[in-house]
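Please construct the entire structure, taking both the sequences and the accompanying hints into account.
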Amino acid sequence: MVLKIKRKEGVSLSLKWHEAYAWGVTLSMLLFGIWGFYDGIEVGSITAGLKFILFFLIILSPNFVILFFYKPKADSAE
Amino acid sequence: MSEKKRKNILILLWAAAGIALLWFFLSGLNIYALFMIFLIIAVALLWQGLHFEITEIKRRKALMGMSGFWTLIAILMFFPFPAPDAPQYVVGEVHRFSEPNHGWGRMYMGQLGPNLVNHGYVYTHKDFIEPMAKARGGSKPSFTTTYPLARATFGITTITDSLRGPNTVGGEPVKPMKYPWTSFEGSHRAEKIGWNNGDLLLGDVAGKVGYEKAKYTPEENALMVKEIGKWLGSVEVGICRVDPRWFYSHDFISKGTPLSLDDVKDLKYGIQVFTDQNWRRVLNDPGHSWWSASKSGAAYSTSAWIAVRLAQVLRDMGYEARVGHGGINYETIETPFSVYNGMGEYGRLSDAVVPSVGGLRFKSATILTSFPMEPDPVRESYGVTRFCEHCDRCSRACPVNAIPMGEQTVENGIKMWHVDKDKCVRFRAGNLNGNCCNECLKVCPYNKPVNAFHQLGAYMTKHSFLAPWLFGNVNGVGLEDWLEYQYATESGEFGTNRPARWIQENPGYKIELPRLVGNYIFTEEDRSTAEEWSTGIGAQMGKVGLKYKGIEWGKIPDRLLDKDGRNRNVHWDYDEGELGPDMQNIGKTLTPEEVVKLLTEGKAFTGGWYKKHENVYPPRSAYEKQFMTYEEAAEKWSKE
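Chains as they are written, first to last, in numbering that gives the first Met the number 0: chain E, 0 to 77; chain A, 0 to 639.
Calculated directly from the structure, the hints in this document are not laboratory data. C-beta atoms are modelled at their ideal positions from N, C-alpha and C, and glycine is treated no differently. Mixed in with the good hints there might be a few duds.
Listed next, the stretches of chain A that the computed footprint assigns to chain E, with coverage defined by at least 3 CB atoms under 8 Å from CB atoms of chain E [what the hints assert, rightly or not]:
#1 50 to 63
#2 402 to 409
#3 446 to 460
#4 477 to 484
Distance condition first, Cα-Cα at most 27 Å in a straight line; then the derived DSS-like pairs of lysine-lysine [to be verified]:
#5 E:70 x A:60
#6 A:4 x A:57
#7 A:3 x E:72
#8 A:207 x A:229
#9 E:70 x A:3
#10 E:15 x A:60
#11 A:139 x A:587
#12 A:6 x E:72
#13 A:414 x E:72
#14 A:414 x A:57
#15 A:57 x E:70
#16 A:60 x E:72
#17 A:6 x E:70
#18 A:4 x E:70
#19 A:212 x E:72
#20 E:15 x A:57
#21 A:57 x A:3
Quick list of simulated restraints, FRET-style, between CB atoms [what the hints assert, rightly or not]:
#22 E:14 x A:377: 27 to 35 Å
#23 A:81 x E:29: 25 to 33 Å
#24 A:82 x E:14: 33 to 41 Å
#25 A:24 x E:53: 20 to 28 Å
#26 E:40 x A:8: 35 to 43 Å
This is the structure:
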């Protein structure tokens with residue numbers, strides 16, 4: 000199964016389902032972290048907000064590594 | 000770099016991740032260990048991705064593993080698992096509480112020592128003390144009455160006090176005042192005022208009950224009371240049946256007058272109104288300002304104002320209604336109302352934590368009435384008690400070590416955490432670096448604004464068994480500690496606005512008992528367990544032995560100790576104008592014979608939940624001489 004997004008001629012995004020799942024999980028968590036960042040600023044301080052988003056960036060760090068660096072080399076994939 | 004070297008580094012990285020995992024569990028889920036796990040795994044994956052061949056299958060497995068892990072965590076955090084069972088706090092025989100024996104009663108009646116009962120001298124110039132005491136009928140100024148903002152907010156309760164009820168019950172209220180226009184009685188009142196013509200449905204009640212004219216069913220009555228209460232300014236309104244064991248056995252303001260349950264038999268329902276002390280104000284109280292007493296007074300007087308008006312409505316409708324409100328004008332213990340009307344749950348502080356009103360930072364007033372109402376539904380747990388098992392922020396923050404760290408204990412047949420009220424009140428009345436206290440309210444994780452984000456947090460602590468582990472801080476460093484909502488506010492970092500100094504008693508002080516104050520006799524059983532501590536011996540702050548962020552809990556800084564290692568007593572400061580060395584306590588020491596004579600002749604009274612039945616005058620009620628659950632006691636009371 001492949002997720003295909005085609006907005007206009009020349010711009011398209013094609014993701015296998017497990018890639019789409021991983022991006023969905025990561026972005027959802029990141030959004031939650033951003034919500035916490037906003038709330039931290041609102042109810043506490045800039046520091047509280049920054050710490051909240053930092054918390055999510057830390058626990059998501061393996062996600063980012065897998066999404067961006069843990070993949071077949073471009074030449075071997077071809 | 001050789002292939003072998005790269006492999007060894009990879010093995011080392013994964014081993015480090017394993018060690019971090021081990022550290023995480025061995026340290027009791029320390030948040031820094033958690034961070035280490037994720038960071039090391041990220042580095043290991045990065046190393047693997049950059050230096051080794053990654054196949055499409057490997058990538059898929061990694062993506063699925065990572066996504067599956069977070070999906071599982073999300074399910075554990077957000078799925079509406081059943082909330083824990085509502086804790087059963089009543090586990091044994093429960094005796095009515097004697098108001099002179101609650102913390103403030105003991106302090107104001109001199110049971111905690113002469114220095115503390117005279118704490119007003121610290122806050123008010125001595126030249127003004129006597130004239131002020133004379134004007135106040137002998138009552139000396141206290142920490143609540145010597146600062147303009149606190150005076151204004153607390154002071155108004157002296158007016159609402161006279162409007163609490165139409166007559167005296169036991170000793171209270173001291174000066175009942177009828178509304179001058181409340182002259183209709185019984186059926187005439189209904190006829191003249193016309194409340195019961197069946198055309199009065201307030202607020203959204205018509206929409207909720209589905210008909211237009213009032214029938215005054217219990218369900219409809221409850222809805223209307225809630226509508227009026229919220230309209231008058233209450234954040235929440237809770238309704239429950241009354242358990243007669245909540246009435247104080249002896250009154251404080253009239254110094255010991257017993258409260259007979261026969262006098263309050265018509266009062267079957269309790270309506271509790273809540274006011275919020277404001278999360279930002281609580282969050283920003285630095286602990287060395289006058290905010291603490293001022294915001295208490297503001298919330299007390301506002302809830303009092305709401306309650307006396309709502310009670311007058313019920314009285315004008317022909318029902319019994321009387322109000323208990325703060326600061327110290329209650330006829331009942333207030334906290335069980337919050338628990339049994341389904342609004343909150345007992346937490347580590349012994350107070351009810353009510354999540355919808357900022358946890359601990361609310362003040363409440365209660366209307367006791369005969370107005371028939373449908374009580375709020377059987378309460379379900381909010382997970383507060385479960386959460387507090389994983390959190391000890393209030394205990395660590397307490398300047399005088401008054402909040403228990405460990406397991407719940409049983410006192411007076413109630414299983415919960417029991418605060419050392421003598422220590423707590425000594426600090427709040429005798430705080431020499433500020434006024435009163437605010438630490439536990441401020442650091443409680445429930446002290447947040449009621450917005451969607453924090454409601455989601457409350458939802459998770461209610462439904463998820465995992466959330467208390469993550470949010471809790473029993474190991475010193477949990478998410479709440481790390482986020483530090485207080486950081487950069489006026490209050491400073493968690494725990495740094497102390498150390499504290501507080502009024503202590505003379506070295507070697509021991510109160511003489513038995514002692515008569517007004518109509519009340521304090522006996523040997525009432526002796527404070529913190530008496531030696533009150534002289535400065537063994538004084539510690541917060542969690543003993545814990546070090547975190549440069550703060551060592553449990554240690555009084557050297558600059559606050561005298562040459563003998565004792566926490567600096569106020570006497571050492573007398574030359575600078577604080578408290579004199581020979582303060583006189585109130586009351587009169589009695590001989591055992593005098594005690595027996597006064598008690599048997601009914602000229603004085605004595606109580607205390609910890610006393611044996613035969614040592615309480617007047618005798619205890621039948622409710623207090625057997626094990627009864629709340630439901631059993633309320634049911635029996637409703638039929639009396």
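| message | If you test the structure against every hint from before, which numbers come out violated? | response | Of the numbered hints given earlier, those the structure breaks are 2, 13, 14, 19 and 22, listed in rising order.
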